[in-house]
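Trainee: Heads up: the protein sequence lines correspond to chains A and B, in order.
Counting from 1 along the first sequence, just add 1210 to a position and that's the residue number in the working numbering.
Counting from 1 along the second sequence, just add 292 to a position and that's the residue number in the working numbering.
Don't read these hints as lab results, they were simulated from the structure.
It is possible that part of the hints are untrue.
[What the hints assert, rightly or not] Facing chain B, from chain A, some residues (calculated, C-beta under 10 Å):
(1) D1240
(2) G1255
(3) N1314
(4) T1368
(5) I1437
Predicted model, so just to flag it, every value in this text is computed and none were measured.
Note that beta-carbon positions come from the ideal geometry of N, C-alpha and C, so glycine has one too.
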Amino acid sequence: MSEYKTLYDKIWENHLISEEDDGTSLLYVDRHLVHEVTSPQAFEGLRMSNRVVRSPEKTIAVPDHNVPTTLDREEGISNKESRIQVEALDKNAIDFGINYYPVNDIRQGIVHIIGPEQGWTLPGMTIVCGDSHTATHGAFGALAHGIGTSEVEHVLATQTLIQKKSKNMKVEVNGTLGLGVTAKDVTLSIIGETGTAGGTGHVIEYAGSVISNLSVEGRMTVCNMAIEGGARAGLIAPDQKTFDYLKGRPHAPKGTNWEMALNFWKILYSDKGSRFDKLVVIDGSKIAPVVTWGTSPEDVLPINDIIPNPNDFDNQKKQAVERSLDYMGLLPGQKLEEVKIDTVFIGSCTNGRIEDLREVAKIMEGKKVKEGIRAMIVPGSGLVREQAEEEGIAQKLKEAGFEWRLAGCSMCLAMNPDQLNPKERCAATSNRNFEGRQGRGGRTHLMSPAMAAAAAITGHLTDVRNLI
Amino acid sequence: MDKFTTVSSVAAPLPLINIDTDMIIPKQFLKTIKRSGLGKNLFDEMRYNQSGDKIDDFVLNQEKYKNTNILVAGDNFGCGSSREHAPWALLDFGIKVIISTSFADIFFNNCFKNGILPIILSKKERDLLMDDAHKGSNSVLTINLENQEITRPDGSIIKFEVDKFKKKCLLDGLDDIELTMKKFEKIKSFENSYFQKFPWI
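Sequences are here, hints too, so could you generate the full structure?
Mentor: Right, here's the structure in full:
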């Protein structure tokens, strides 16, 4: 191996317990995040084989996917299957003695929002969760990725994971972002460039001036969608912004431990001269506010563009585009800005943090949600919600015509009652525009919170730059 | 996990690219706390219309494919969510082998944990098998994991690569956790030095 190491190489080596001849490795896991949908079968497996959770103090659970976001949820979850799943997590958390934020706890929220918020997520760590958007935590320079339920059980039982090392990929975004262009536009544009399989088999490190100029929350938005580009994990080297974000958080190190940790975190970067198997360079000044038009996150275009023609794609993609346009009810040549929407969803682990809500409030200043549009804001955690209320944002957004919900995954994947109806068209700040993702037959256009706010005002996909 | 044995079956063609795990098993079926019984909802929104009736032209609803054990799929199969319900649903339906040019990482791993063999081939080879699959009824593929060979209906053979460790786990039906448990001393000694160095973790 080269004497120069990437950030990924460094974290990998720190956690390597053993390695077989064929590269199959056993990695130590520092934090295991758990939610109600992908864990019941894993806990059941432990019970059946009389096993315990090896490191309950490193295991953090929260219900988020299924929970209703309406104010009446304190009276209980009416959907029977959802209730059973959440109750199963309640019971498993108690039986196995793991850290837990139940539905009625103010700290409850989307697992990838509360990990960083509570200081569980720290630079240089390995973090796993039975959820593909675990990549979010890479924004802190932690190696974080999704795992399946069998692996959840494996981590619960052993605090380790069997892995093979991925390849190193670097995505460099240079220059400066233009007005109205945000972290979401950056991450969507990267996927537009690399495709949804462009990162397969790789861990992506995001670098360049655009990335270092992003806030920590913006970086989480970028890393969150690494999985949409096919990479298991996205990484950003920690810097002073990261340290400032973490200091004083409930589970961040304190006192001499903080000093020790800080010294270590400061060497978490890719050495100059380290080798990447794949390199993508993007000029940040050329990134425009973007929206997706199809049913794959790679189907992304600048807002001023038109719906593409299936004939412009190679044969395999052509079929997919034809299917997408049919599903989305769109025609080639149609201007994106003329596409009318029915619904606006602001939230998710991609864009459910306080800065996202501030961004929406800024665009909505003095404006209203267009009549007839269903517009919903679902804060990423109870604490984000509380902060928005304290800052007066919540009140303004409510007055502008938004529904102000309780925290959860909500309409990002529509496992709770927040769903689209068939053919209902949604401007969404979430991460997936797959067929049926937000409800059977529902039509999703992914975009930034600012762009979603602009669409809420006009009732159609809109270039936010015309409103600022 | 059951041991993986040689699989012989007609293969169902699913040429669409980027088939995601939301398509394989939509979220309304993730509310289960069990692993079993998901096969009937495999590809639910492609397989049934809104009133719950079968959509006749969907490949797995066609007589010749309804008992298939093999899928031949478009690029980047299994992208999206980490839900292991996707391989559970595939397995419950009877799928034991999936052939494509590429798979999403998490889905790929999840398959092996459940005794499903995902095979990566070149586009040219996959397209040959896609043609075989389209022929239906008597067009049987045989997958021999031990020899890493696919025998086509015309008797020709396509070789495939598979990770050594994963192959052994499939053939012997091994439980990962049991294997790792045997390394407990190693894990313990790792933890001892690790926490001395990083006491805040």
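Trainee: Would the hint on I1437 of chain A stand, with a C-beta cut-off of 10 Å toward chain B?
Mentor: Result: holds, 8 Å to nearest chain B Cβ.
Trainee: A closest beta-carbon separation below 10 Å is what the hint needs, so does N1314 of chain A meet it against chain B?
Mentor: violated, 21 Å
Trainee: Interface hint check: T1368 of chain A, Cβ to nearest Cβ on chain B, cutoff 10 Å. Holds or violated?
Mentor: holds, 5 Å
Trainee: Can you verify the interface hint for D1240 of chain A: is its Cβ closer than 10 Å to any Cβ in chain B?
Mentor: holds, 5 Å
Trainee: Do the numbers back the hint for G1255 of chain A, that is, is its least Cβ distance to chain B under 10 Å?
Mentor: Holds, because the Cβ-Cβ distance from G1255 of chain A to chain B comes to roughly 8 Å (cut-off 10 Å).
Consistency with the previously given hints fails for number 3 only.
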